[in-house]
Amino acid sequence: MNAVARFSRRAAPRVATTILVLLAIWGLWELYRYIWVQTGWTWPFPVNASTLPHVHVIVKALFEPSRTDGPLLITVLWHSAVFTAKEAMTGFLIGGVVGFALAVGLVHSRLAQRALLPYIVASQTIPILAVAPMVVVWLKAGWQSVAVIAAYLTFFPVTINTLRGLQSADPAAHELLRSYAATPWQVLWRLRVPASLPYVFTALKVSATASVVGAIIGELPSSIQNGLGGAILNFNQYYSLVPQNLWATNLIAAALGIAFFLLVVLAEKLVVRRAPEHVV
Amino acid sequence: MTVVKIEGLTKTFPRGNVTALQGIDLSIEAGEFVSLIGPSGCGKSTLLRLIGNLVPPSSGTIEVNGKSAQQARLDHDYGMVFQDSVLFDWRTVARNVSLPLELLGWNRARRKQRTEEMLKLVELQGFGDHHPWQLSGGMQMRVAIARALSIEPALLLMDEPFGALDEMTRERLNIELLGIWTRMQSTVVFVTHSISEAVFLSTRVVVMSPRPGRVAGVVDVDLPQPRTFETREQPRFFELVTEVRELLRGVGAEDHGSVLAEAEQV
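Chains as they are written, first to last, in the working numbering: chain E, 1 to 280; chain L, 1 to 266.
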């Protein structure tokens, strides 16, 4: 609870900073539009309502019906975001657990490391767009298969960083536990895992956003309409008519990624106890 | 009773084919405070780690408490204090001290009681809830000592525990360590590169020579107990320091700045 209080006390200036940054981005966006429109510059692209809508138009689009007599766009996107969040969160949890377990297995066997690591790395060189259709074929189209695709993107950073973290403890600390005849299990949970946590959380921050991207991309070959991926495909088709809808959807997708990231940051604050200079 | 019995011990490291120790014979009786001193490369830390079964011997035998060094380690017969305090950042001071008790499967109530006793012993009552990084180097070392003593081992192995501390902190901790040694009635093997520290603390100083590490001589320290700050001012203290220094000179410690430079300061 102490950590929560400390976190919220530090949150106020951060919220203020965030608002200022958002205002600055808004200002720069509109300044760019103004200059390009006034001078008629066409490089790198001509600026007009279709290529770069006003920020206020994008935000306003959120609070207008997405189709005649339909619900507000933000309501539609909220439901899509919740659907995608479910996929991404499931994938994140599966990927996190699998990634962590893989690292724990690898750290105990140099042979397994040498044998398996190249394939683990190779798995990430295959584009997710090539993997997704196969997963859909195997598991049938549905949010579960999307979660698996998200997990595929999630596990890799967790494995690599956790492996590094599990090996990061001071050799003297290992000797200390050896002097007490600690079992490998005790060494794992009392030394290796706590020492790995800063590394694990760095990986989880990367994975949190990757799982959202994975979920959105995974929806495309599954032809799932209920998520943000479906919304992006849909609004993409109407881009020339209502470009602001796609921009607004991207805004929500970004917000979802940021929300995932912040959840990991909060969890890290609650879990990791470290000397201030060691906090990653 | 003999706590440590070493016979014909040799240790070679295959990498680089280095002979770290050769033909070591040493017996340490219960209640002794034995210092191992010598220039760097004489294998004094290796000898300590062999007694603690952290590395295996190449030949010869080591007995601790009348059993093999390995069995003694498995039976938790000794506590070890390292050069660094090796405290776990993510644990509070109290939980660092109780770590060995956790490994032994003690229940929470017993752990709490023993931890409090230990913190009192090293005069760190009230610091149990602090984290290691909030303490000074000297306090961190006291936590490490409390942790080593928590299982009440018959034997305490210390590897240059005060090497990284300033002179004043080191002298104060020397006195405290002797107080703990007296109260716990334990046996201590203490590695150091400080002649004055070795003489001040020990009942016996084992001087070692380098390449390969051998026992060059043993100096019995007959200074009266308990030792105090005044002990360092007695003529007998200087005589013993000189005796150790002469032995170190004989083993070619001239090549090794640290020991001799310190010898000149005493």
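Bear in mind the hints are in silico, worked out from the structure with no lab data behind them.
Don't take each hint at face value.
[Said to hold, decoys possible] Now the in silico label distances, taken between C-beta atoms and shown as ranges:
no.: 1; chain 1: L; residue 1: Phe229; chain 2: E; residue 2: Ser109; range: 52 to 58 angstroms
no.: 2; chain 1: E; residue 1: Ala255; chain 2: L; residue 2: Phe13; range: 54 to 60 angstroms
no.: 3; chain 1: E; residue 1: Ser109; chain 2: L; residue 2: Glu29; range: 43 to 49 angstroms
no.: 4; chain 1: L; residue 1: Glu29; chain 2: E; residue 2: Lys269; range: 50 to 56 angstroms
[Claimed, not checked] These stretches of chain L come out as covered by chain E in the derived footprint (C-beta under 8 angstroms, 3 or more residues):
no.: 5; stretch: 81–90
no.: 6; stretch: 96–106
[Unchecked claim] From the derived model, a few chain L residues whose C-beta atoms are all more than 12 angstroms from chain E:
no.: 7; residue: Lys5
no.: 8; residue: Leu54
no.: 9; residue: Asp159
no.: 10; residue: Glu167
no.: 11; residue: Pro210
no.: 12; residue: Arg249
In this text, a Cβ means the ideal position worked out from N, Cα and C, and glycines have one as well.
Problem set entry | L/Glu167 and chain E, when compared Cβ to Cβ, separated by more than 12 angstroms | holds, 24 angstroms
Exercise. Between E/Ser109 and L/Glu29, does the beta-carbon spacing fit 43 to 49 angstroms?
Worked result: Since the Cβ atoms of E/Ser109 and L/Glu29 sit about 44 angstroms apart, the hinted range of 43 to 49 angstroms holds.
Exercise. Falls inside 50 to 56 angstroms, the C-beta gap from L/Glu29 to E/Lys269?
Worked result: holds, 53 angstroms
Problem set entry | Verdict on L/Arg249 as a residue remote from chain E, using beta-carbon distances over 12 angstroms | The claim stands: L/Arg249 keeps its Cβ more than 12 angstroms from every Cβ of chain E (closest is about 32 angstroms).
Exercise. Count the residues of the stretch 81–90 of chain L with a beta-carbon closer than 8 angstroms to any beta-carbon of chain E: does the count reach three?
Worked result: holds (count 7)
For this session: Over 12 angstroms to the closest beta carbon of chain E is the bar; see if L/Leu54 clears it.
Result: For L/Leu54, whose nearest Cβ neighbour in chain E is about 5 angstroms away, the distance does not exceed 12 angstroms, so it is violated.
For this session: Would you check whether the claim that L/Pro210 is not at the interface survives, using Cβ distances to chain E and the 12 angstroms cut-off?
Result: Nearest chain E Cβ is 23 angstroms from L/Pro210, so the label holds.
For this session: With 12 angstroms as the threshold, tell me whether L/Asp159 passes as away from chain E on beta-carbon distances.
Result: violated, 10 angstroms
Exercise. Okay, the stretch 96–106 of chain L and chain E, do three or more residues pass the C-beta test at under 8 angstroms?
Worked result: The restraint on the stretch 96–106 of chain L holds, since 5 of its residues have a Cβ under 8 angstroms from chain E and three suffice.
Exercise. Falls inside 52 to 58 angstroms, the C-beta gap from L/Phe229 to E/Ser109?
Worked result: Cβ of L/Phe229 to Cβ of E/Ser109: about 55 angstroms, so the range 52 to 58 angstroms holds.
For this session: Verify that the Cβ of L/Lys5 lies farther than 12 angstroms from every Cβ atom of chain E, and report whether the claim holds or is violated.
Result: Per Cβ check, L/Lys5 is outside 12 angstroms of chain E; nearest 19 angstroms; holds.
Problem set entry | L/Phe13 and E/Ala255 - C-beta distance against the hinted 54 to 60 angstroms | Distance hint for E/Ala255, L/Phe13 holds at roughly 58 angstroms.
This entry does not satisfy hints 8, 9, going by the numbered hints stated previously.
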